[in-house]
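Each chain, written out:
Protein chains: 2
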Amino acid sequence: MDFTKIRCFLETCDNVTILTHKSPDGDTLGAGFALCRFLRNCGKMANVINSDEFPERYNFLYEECEPQKFEEKTVIAVDIADTKLIGSRLARYAEEGMIDLCIDHHVSNKYFAKYTYVNASASATCQIMYELFNFMGTKIDRQMARCLYTGIATDTGCFKFENTTSAAHIACAELMKYNIDFATINRKMFDVKSKARINIEQAVTNKMEYFFGGKCAVIAITTDMMKKSGIEPAEFEGLASIPLQVEGVEMGITIKQRHENVYKISVRTIETIDASKFCREFGGGGHIRAAGCEIEGSFEEVKNTLVNAAKEVFEG
Amino acid sequence: MDFTKIRCFLETCDNVTILTHKSPDGDTLGAGFALCRFLRNCGKMANVINSDEFPERYNFLYEECEPQKFEEKTVIAVDIADTKLIGSRLARYAEEGMIDLCIDHHVSNKYFAKYTYVNASASATCQIMYELFNFMGTKIDRQMARCLYTGIATDTGCFKFENTTSAAHIACAELMKYNIDFATINRKMFDVKSKARINIEQAVTNKMEYFFGGKCAVIAITTDMMKKSGIEPAEFEGLASIPLQVEGVEMGITIKQRHENVYKISVRTIETIDASKFCREFGGGGHIRAAGCEIEGSFEEVKNTLVNAAKEVFEG
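Sequence order for the protein chains is L and R. Reading the first sequence from the start, the letters are residues 20 to 335 in my numbering. Reading the second sequence from the start, the letters are residues 20 to 335 in my numbering.
Heads up, a few of these hints could be off.
Treat identical chains as interchangeable: a pair holds within one or across any two.
DSS-like mimics (lysine-lysine), calculated; alpha carbons at most 27 Å apart, straight line [stated by the list, open to error]: (1) Lys330 <-> Lys226; (2) Lys158 <-> Lys246; (3) Lys322 <-> Lys92; (4) Lys196 <-> Lys226; (5) Lys88 <-> Lys129; (6) Lys283 <-> Lys41; (7) Lys296 <-> Lys207; (8) Lys88 <-> Lys296; (9) Lys330 <-> Lys207; (10) Lys41 <-> Lys129; (11) Lys41 <-> Lys330; (12) Lys133 <-> Lys92; (13) Lys226 <-> Lys214; (14) Lys196 <-> Lys234.
Hints in this document: simulated from the structure, not taken from any laboratory. Since we're looking at a predicted model, the values are computed, not measured.
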């Protein structure tokens, strides 16, 4: 599928349901609502749906896009690499082969739709959407620009991470010309935290343990800490990045309690340490800088297992 | 002064001292070292100097630019709006009228040099330098690109703040093409904190007080807290932004102890609250979103004075 074919597809489709991935983030929602608005601006019917509720923190993306009533004829998935990410409530869309088109930027895309467009070098699906609208000569409106900017900004950590491309900067340079409130969006996306989130960050930081001359830091998140802080599951995102914020730390290990003796491990690394290789030892995997696995045992056992494995990394 | 004249100036000058502002930041150092490298690449002699020591955190900007020995013939100031910002050790440059050219992006520039170029709509002096090099057809090298990227990123809070322009994004889109380690730079500039900094952030957050239904938050930084945390003065930057990180807070007041009964107040606001107007009541001033003043009295007296004044803001 190329942009010319997507244009044909979008021109001829109608009554469109846009699927976004479960635990929705700024990119899937930004791409979904920008596409929805584009279709409605063309006089078509369109809705964005999700297996979960749309999180309150993204309300500025969806509040100008009330659901419409229509008989669904077309299904488009955005930013969904795998049918597993659709979520149980909407799983039938995959099971019944109802997904017509998928637009995505994940290299791991499983090509589950009838037609698929993947650009794995794009920083975000919203960057692809921007380039598609550009190609089609679409009149982007301010709300579409807000959606697309949000997706690119959130998927790149506000242009901070390695996945940020020149094209992402250029797209946002153009999107800013629609007089969008990007500073307010960025404040909401990156700076503001709930009191519960601040509480758990503090609790976690206070109990951080350092190993190997401060190069490895371990944090624990117990079910008890989660309850006490009053944090919502949606606010957990990014806690695993806390250890790497400390000067000198090259490997951060987060031990998060799932059940009584089951822990989910998240590993974050910088420089040359391979987090994925580290986690594979425990049956997990992921990327070179961010990976995970699950280990059973008491907290102390799990921690000791991980620190012993990290000893290999730091002391060879 | 326009770009054509600056080109003439740079082509004909030699033995150049580049002045950067005291308490140097990424923009003044980025602009200074990019210019220094450009001049050296042209076969000229050039040094960057500062009234203070170059902070360790910016070592990647200056470590490839060892001082040269020469008889100074030309002096260029970068990112310096006012001679007061040169610092005492180098004050003679202003007092003796030795500054030939100043390149800056502050609207408040005092035009103290023989020639001045100000573009107040630029996000950073490094953005001006990028556009100047572009205009001159300069061959930018990787280290120059790192310097310019750092200045733009740091002055815009990594493209997060309101002062970020489309031109800033476009400049960085181009600078990234020099294969710079922007993600490592951003991590160092925005994510990594010393243990001392983490300690004081926690101490400050733990004692944060809320007023007017959580819309106003007050933090205190006492000399005692500073001593206990072991924090360096260079690491204080940005503590005043902590209150506004809490959901619902519209006005953050930071009360920082100067001496026994003297406190420096920093006010940060969002939405419609005028921080500058608030601080003017106490003989201070600043910008609409960030302002300051100094108040004498005991800590409790100072806090009560400020909260009473804030009552006007929130309860009219």
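Against the structure, the hints:
1. In this homomeric assembly, Lys330 and Lys226 come within 27 Å of each other (Cα to Cα) only inside a single copy, at 20 Å, whereas the closest approach across copies is 38 Å.
2. In this assembly of identical chains, the alpha carbons of Lys158 and Lys246 never lie at most 27 Å apart, being 47 Å within a copy and 57 Å across copies at closest.
3. Taking the shortest Cα distances, Lys322 and Lys92 never come within 27 Å of each other, neither inside one copy (52 Å) nor across copies (62 Å).
4. Proximity of Lys196 to Lys226 under the C-alpha cut-off of 27 Å is found in neither arrangement, the shortest distances being 45 Å within a copy and 41 Å between copies.
5. In this homomeric assembly, Lys88 and Lys129 never come within 27 Å of each other (Cα to Cα): the closest approach is 31 Å inside a single copy and 61 Å across copies.
6. Taking the shortest alpha-carbon separations for Lys283 and Lys41, only the intra-copy value of 19 Å comes in at or below 27 Å, while the best inter-copy value is 47 Å.
7. For a Cα distance limit of 27 Å, the shortest separation of Lys296 from Lys207 across copies, 25 Å, qualifies, whereas the shortest one inside one copy, 35 Å, does not.
8. In the homo-oligomer, the alpha carbons of Lys88 and Lys296 never lie at most 27 Å apart, since the shortest distance is 49 Å inside one protomer and 50 Å across protomers.
9. Proximity of Lys330 and Lys207 under a CA criterion of 27 Å is satisfied inter-copy only: 25 Å between copies versus 39 Å inside one chain copy.
10. Within a single copy, Lys41 and Lys129 get their C-alpha atoms as close as 16 Å, which meets the 27 Å cut-off; across copies the closest is 55 Å, which misses it.
11. Within a single copy, Lys41 and Lys330 get their C-alpha atoms no closer than 37 Å, and across copies no closer than 43 Å, so neither meets the 27 Å cut-off.
12. Taking the shortest Cα distances, Lys133 and Lys92 sit within 27 Å of each other inside one copy (14 Å), while across copies they are farther apart (70 Å).
13. Taking CA atoms no more than 27 Å apart as the test, Lys226 paired with Lys214 passes in both settings, with 19 Å inside one copy and 13 Å between copies.
14. In this assembly of identical chains, Lys196 and Lys234 lie within 27 Å of each other by CA distance neither inside one copy nor across copies; the values are 44 Å within and 31 Å between.
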